[in-house]
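A.B. asks: Next come the chains, spelled out residue by residue.
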Amino acid sequence: KAGVTQTPRYLIKTRGQQVTLSCSPISGHRSVSWYQQTPGQGLQFLFEYFSETQRNKGNFPGRFSGRQFSNSRSEMNVSTLELGDSALYLCASSLVERRNEQFFGPGTRLTVL
Amino acid sequence: DQQVKQNSPSLSVQEGRISILNCDYTNSMFDYFLWYKKYPAEGPTFLISISSIKDKNEDGRFTVFLNKSAKHLSLHIVPSQPGDSAVYFCAASDKGTGTASKLTFGTGTRLQVTL
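So the sequences go chain by chain: A and B. Count the first sequence with the numbering used here and you get residues 95 to 207, in order. Count the second sequence with the numbering used here and you get residues 56 to 170, in order.
To be clear, the hints were calculated from the coordinates, so they are not data collected in a lab. None of these values were measured; they are calculated from a predicted model. It cannot be assumed that every hint is accurate.
Pairwise CB distance ranges (calculated) [said to hold, decoys possible]:
1. B:SER107 / A:VAL190: 18 to 24 Å
2. B:GLY115 / A:THR101: 29 to 35 Å
3. B:GLN58 / A:THR205: 28 to 34 Å
4. B:GLN69 / A:PHE163: 46 to 52 Å
5. B:THR169 / A:THR205: 29 to 35 Å
6. A:GLU146 / B:SER124: 39 to 45 Å
7. A:GLU191 / B:ASN122: 25 to 31 Å
8. B:THR100 / A:THR108: 29 to 35 Å
9. A:ARG161 / B:LEU170: 47 to 53 Å
For lysine-lysine, the following DSBU-like pairs were computed, each having C-alpha atoms within a straight-line distance of at most 30 Å [unchecked claim]:
10. B:LYS126 / B:LYS60
11. B:LYS111 / B:LYS60
12. B:LYS109 / A:LYS151
13. B:LYS123 / B:LYS109
14. B:LYS93 / A:LYS107
15. B:LYS126 / B:LYS93
16. A:LYS151 / B:LYS60
17. A:LYS151 / B:LYS123
18. B:LYS60 / B:LYS123
19. B:LYS111 / B:LYS93
20. B:LYS126 / B:LYS111
21. B:LYS93 / A:LYS151
22. B:LYS126 / A:LYS151
23. A:LYS107 / A:LYS151
All C-beta atoms in this analysis are idealised placements derived from N, C-alpha and C, irrespective of residue type, glycine included.
Start from the sequences and build out the full structure, keeping to the hints where you can.
C.D. replies: Written out as structure tokens, the structure reads:
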């Protein structure tokens, strides 16, 4: 069974731009969660989607948003990028009935210049 | 407010010996715990988990122990192998409030297994 895939793997943007990251979950997994990993803050939960609806949200500003499609693929968007948004963005998928058991993709490394 | 703490940033163990990684938590609502292993430039890989109704779970070389009264869990790797060298994260979730999907992670412990 293929794992979680994320595209792109690396991205360089400049301050003020916006970015969209994509995630394809493991087949059969309908819950998708997003996390941000930085050296200072560690791994922090952004939000979770299943059935195309946001189910949980972490403590991030409204510049961070996401959506999920009917095939369970998910995208996250960051608008008006700031230098502090440079991070590894990780997507995780899970079965809806076992949402706490998450399987992570390789991440997208975002660098904001 | 760090609700999940891994107080040892690094650990060095000889090949063949036991590696013990520790994790403490403060939120008494946490009821499910997981350990992940992470290599550089890769996402975390799920290793093993434990529900709060158990005090031990074993999977091959990996065993997780949970002490609810002390709010402490540990991961034992026996025997340790060079391929186990990675950063290990413990994570916790709170099923009770409908936020089961929100994993709270510790800061990680870098394990180095030496020959």
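A.B. asks: Falls inside 47 to 53 Å, the C-beta gap from A:ARG161 to B:LEU170?
C.D. replies: holds (48 Å)
A.B. asks: Given the hint that B:LYS126 pairs with B:LYS93, test it: the Cα-Cα distance must not exceed 30 Å.
C.D. replies: holds (24 Å)
A.B. asks: Taking only the CA atoms, is the gap from A:LYS151 to B:LYS123 under or equal to 30 Å?
C.D. replies: holds (27 Å)
A.B. asks: Holds or violated: B:LYS123 and B:LYS109, Cα atoms, limit 30 Å.
C.D. replies: holds (9 Å)
A.B. asks: Within 30 Å, alpha carbon to alpha carbon, are B:LYS93 and A:LYS107?
C.D. replies: holds (26 Å)
A.B. asks: Taken at face value, is the distance from the CA of A:LYS151 to the CA of A:LYS107 at most 30 Å?
C.D. replies: Between A:LYS107 and A:LYS151 the Cα gap is close to 25 Å, so the pair holds against 30 Å.
A.B. asks: Taking 30 Å as the top limit, are the C-alpha atoms of B:LYS111 and B:LYS60 close enough?
C.D. replies: holds (20 Å)
A.B. asks: So does A:GLU191 sit 25 to 31 Å from B:ASN122, Cβ to Cβ?
C.D. replies: holds (28 Å)
A.B. asks: Would you mind confirming whether the straight-line C-alpha gap from B:LYS126 to B:LYS60 stays at or under 30 Å?
C.D. replies: holds (11 Å)
A.B. asks: In this structure, is the beta-carbon distance linking B:GLN58 and A:THR205 contained in 28 to 34 Å?
C.D. replies: Since B:GLN58 and A:THR205 have Cβ atoms about 29 Å apart, the given range 28 to 34 Å holds.
A.B. asks: Should the hint that B:GLN69 and A:PHE163 are 46 to 52 Å apart at their CB atoms be regarded as holding?
C.D. replies: holds (49 Å)
A.B. asks: Per the hint of 18 to 24 Å, is the separation of the Cβ atoms of B:SER107 and A:VAL190 within bounds?
C.D. replies: holds (21 Å)
Taken one by one, the earlier hints all hold for this structure without exception.
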